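K.L.:
The sequence shown begins at 369 in the working numbering and counts up by one.
Keep in mind the hints are simulated off the structure, nothing from the lab.
Being a predicted model, the structure only gives us computed values, none of them experimental.
Among the hints, a few may not be true.
[To be verified] Cβ-Cβ distance ranges computed for the label pairs, FRET-style:
no., residue 1, residue 2, range
1, PRO386, ALA501, 45 to 51 Å
2, ILE520, ARG417, 19 to 25 Å
3, ILE520, ARG482, 31 to 37 Å
4, ARG483, THR422, 26 to 32 Å
Idealized CB from N, CA, C, for every residue including glycine.
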Amino acid sequence: MIHTGRHFLQIPGPTNVPDRVLRAMDQPVIDHRGAEFAVLALDVLERLRWVFQTSGPVVVYPSSGTGACEAAMVNTLSAGDRVVIFETGHFSHVWRQVADRLRLDVDYVPNNWRRGASPAELEVRLAADHQHAIKAVIVVHNETSNGVTNRIQDLHRVLNA
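Please construct the entire structure, taking both the sequences and the accompanying hints into account.
P.N.:
Given below as structure tokens:
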């Protein structure tokens, strides 16, 4: 095989790392339990508040998005809890697999992978839930497998109606 240069990924992630950043990384690792790291971490978290335009705390979860979603499900739901998951692409399917593995009662809403979750469909499902059994609505905000971005504010309005 002939290599014509550096391999360049053209997908949403993982991100290509510029050479100057790779060179900057060529130094000893900071002890994650030491004072230097504590100062650095607090500084980064404070600056992230500006990035995300929030006055509230910023939580950094060292995982992929799938790992963070699984952690959210594990820590907020119990086996048998009813959840609604909208099919919007590959990662919504992965989340369904996680929910099934956790033995959640999944209402999986089939959908064309070119469209986001339907607020009207969510409204129908919530209106039919007379026992208030639905404990969570699980939606991939930005489905990187196909480029679909869900309108979270529209879904939020339905939840708060």
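K.L.:
Does each hint fit the structure? Answer for all of them.
P.N.:
Tested hints:
The beta-carbon spacing between PRO386 and ALA501, approximately 50 Å, falls within the hinted interval of 45 to 51 Å. The hint said 19 to 25 Å for the Cβ distance between ILE520 and ARG417, and at roughly 20 Å that hint holds. Between ILE520 and ARG482 the Cβ separation comes to about 18 Å, which falls outside the hinted range of 31 to 37 Å. Checking the proposed 26 to 32 Å range against ARG483 and THR422 shows it holds: the Cβ atoms sit about 29 Å from each other.
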